[in-house]
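> Each chain is listed here by its residues.
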Amino acid sequence: MNPYGPVAIYLCVALAAALLFTFLPGLVGRSKPNPQKDEAYECGVEPTSAVAGRFPVRFYLIAMLFVIFDVEAASFYPWAVRMHSLRVFGLVEMVVFVIVLGIGYAYVWKKGGFQWR
Amino acid sequence: MQGAIDTLNAAPLWLVVLIKSAVLLLVVVTTFAYAMLFERKVMGWMQLRPGPNRVGPWGLMQPAADAAKLILKEDLTPKTADRLIYRLAPFISLLTAFSVYAIIPFGASASGPWAIGNVNAGILFLLAITSLGVYGISLGGWASGSKYPLLGSVRSTAQMISYELSMSLSFVGVLIIAGTTSLDGIVNAQLHWWFFITQCVGFVIYVITAVAETNRAPFDLVEAETELVAGFHTEYSGLRFGLFFIAEYVNMLTVSCIATLLFLGGWNAPFGMTVVPGIVWFLIKVATFMFFYIWLRSTLPRMRYDRLMAFGWKVLLPVATLNVIATAIYVAFKG
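Same order as they appear, the protein sequences are chains A and B. End of the first sequence sits at 165 in the numbering used here; the numbers just go up one at a time, nothing left out. End of the second sequence sits at 344 in the numbering used here; the numbers just go up one at a time, nothing left out.
Hints are supplied without guarantee of correctness; some may be wrong.
Simulated crosslink set (PhoX-like; lysine-lysine; CA at most 20 angstroms straight-line) [what the hints assert, rightly or not]:
| id | chain 1 | residue 1 | chain 2 | residue 2 |
| --- | --- | --- | --- | --- |
| 1 | B | K82 | A | K80 |
| 2 | B | K88 | A | K80 |
| 3 | B | K88 | A | K85 |
| 4 | B | K78 | A | K85 |
| 5 | A | K80 | B | K78 |
| 6 | A | K85 | B | K82 |
| 7 | A | K158 | B | K323 |
| 8 | B | K323 | A | K159 |
According to the in silico footprint, chain B covers these stretches of chain A (three or more CB under 8 angstroms from chain B) [as the list claims (entries may be wrong)]:
| id | region |
| --- | --- |
| 9 | 64 to 75 |
| 10 | 81 to 93 |
| 11 | 107 to 120 |
| 12 | 136 to 147 |
| 13 | 151 to 164 |
Calculated directly from the structure, the hints in this document are not laboratory data. This one's a predicted model, so the numbers in the text were calculated from it and none came from an experiment. Built from N, CA and C at the ideal position, the CB exists for glycine as well.
Isolated chain A (complex conformation):
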C-alpha cells in the first residue's frame, strides 16, 4: 500500500474521535439556562463595553516577519538533505543566502522591529 494510505485511514479515525468528543457535551451535559451565565466574563462585573475592534499593530508586524523568515527556514530543508553530496558548493550557496537574509534581519533589528513596546 502507498505509505500515505495508512496515514489517511488513521486521520479518519482521529477525525471520528475528535467529532465524538465535540458532540458529547451537547448529548450528556445538563443544561440550566440563565441569562447571567451567557454573559462574557469580565471579573464578575457586567461587561462595560463590547470587545474592542482594536489591538496592537505589533501583532500584525510579527505575523509578517514570521512569513518572511519561515519561507527562509523552509528553503533550508531540501538543501540540508542533499548536503552530503553538495559539499563546499552547497556551503557557499547557503552562506551567500544567509548573508542576504542577515542584511534584512539587521535592518529590521535597527528599525526596532523586534522591540516589544
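The hints should help you fit chain B onto chain A, whose structure is shown.
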C-alpha cells in the same frame, strides 16, 4: 493463538490499519490521562505534599473522575460568541494533536510494523500538522467574543509563530547530518552518536522552543492568571475546555516523541544494552522528557512577555541559523 494470527494475516490490509489506528488512539488518550496524574503527583512531591490520593488506591482513578466531571458539566457559550467557530476551535486543536501520531514510529520498521505510516517526508509532515494547532488557539480566543480570551489568543499566536521559526531551524542541523527527512532514517543515523551530543546547540534550541510551542511553564504566557484570567480558554467550560486540555497534554507527548526520535536516539539502546527491546527504550526516553517538562514547571517562574519575544527573535533565531551554518561547514570539510 495460531488461529488468531492466521485470521489477522487473512484480513484485508485496511482493516488491520483501522484496528491499529483505533488502538494507538486509545493508547494516546490513556497516556494523556495518566500523564496528567503523573504531573500532579510529581508537582506534589516537589512541593512537599502528597498530590491526588483520594480516588482509588494511590489516586489512580483520579483521571476517570476528572473525565466524568468534565463530561457532565454544563456547556456554556457566551451570547457574544461566534457560535460555530467557538465550537470548531477546540475540535481543531484536538484533531491536529491526534493527527501527528499517524507517522510517529515507535520502533525500527525493520523489526515490525511499529508505525501507522512510514512516510519519507516525515519531518515535513510533522511540522505541517503541528503548525495547524495554532488555529485552534487563535480562533478559540477570537470567537469567544470576550476581552481576556482575545488578548490571550493574540499573545499566544505571536509567541507560537515566533518560536516555530527557531524550532524548524533546529531540525535543519539534524537533517544535514542524517541526510533524510524520514523519521526512521534519522533514528538509524543515530546508531553510534545520538544527535543531542553532535547537535547539542540544536537540541537546546529545540527544548526551549518546544516548551514555548506547547505553552508550558516558564513560557505559559497564554494562561498568565494574574494578567489574563485563563487566557484563550477563559469562556470554555466542561468538555470543550477539556478538549483544549487534552490537546495540550497530547502535544507535550508529541514533543517528547519528536525529541526522542530526532535527538535522543529513538529506540536505539544506550551503551549497547540491546537485551531490552527498542520500544522500551523509546518509552523510557519519552517518559524522561515528560518528567523534565514537569520539573521545569515546578522550578522556573514565568517569563515576562516582552523578554520572551525579544529572546525568540534576537537570541534563538541567530543562534539557530549559526548552528545550521556550523553543521554545514563540518559536513562540507569532513573529508
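> At least three residues with a C-beta closer than 8 angstroms to a C-beta of chain B: is that true for the region 64 to 75 of chain A?
It holds, with 8 qualifying residues against the three required.
> Straight-line Cα separation of K82 of chain B and K80 of chain A no greater than 20 angstroms?
11 angstroms, holds
> With the threshold set at 20 angstroms, check whether the alpha-carbon distance from K88 of chain B to K85 of chain A stays at or below it.
Holds, at roughly 9 angstroms.
> Does the alpha-carbon distance linking K158 of chain A and K323 of chain B stay inside the 20 angstroms limit?
With Cα atoms ~12 angstroms apart, K158 of chain A and K323 of chain B stay inside 20 angstroms; holds.
> Are at least 3 residues of the region 136 to 147 of chain A within less than 8 angstroms of chain B when you compare beta carbons?
holds (count 6)
> Using C-beta distances, would you say chain B covers the region 81 to 93 of chain A, given that this needs three or more residues below 8 angstroms?
holds (count 7)
> Given the hint that K85 of chain A pairs with K82 of chain B, test it: the Cα-Cα distance must not exceed 20 angstroms.
13 angstroms, holds
> Measure nothing beyond the straight line between the CA atoms of K88 of chain B and K80 of chain A; if it is 20 angstroms or shorter, mark the hint as holding.
15 angstroms, holds
> Quick one, are K80 of chain A and K78 of chain B close enough, alpha carbons at most 20 angstroms?
Roughly 16 angstroms between the alpha carbons, so the hint for K80 of chain A and K78 of chain B holds.
> Holds or violated: K78 of chain B with K85 of chain A, Cα cutoff 20 angstroms?
Holds, at roughly 19 angstroms.
> CA of K323 of chain B to CA of K159 of chain A, is that 20 angstroms or under?
Holds. K323 of chain B to K159 of chain A sits at ~13 angstroms (cutoff 20 angstroms).
> Examine the region 107 to 120 of chain A for residues whose CB is less than 8 angstroms from any CB of chain B, and state whether their number is three or more.
Coverage by chain B holds for the region 107 to 120 of chain A (7 residues, Cβ < 8 angstroms).
The structure agrees with every numbered hint stated previously.
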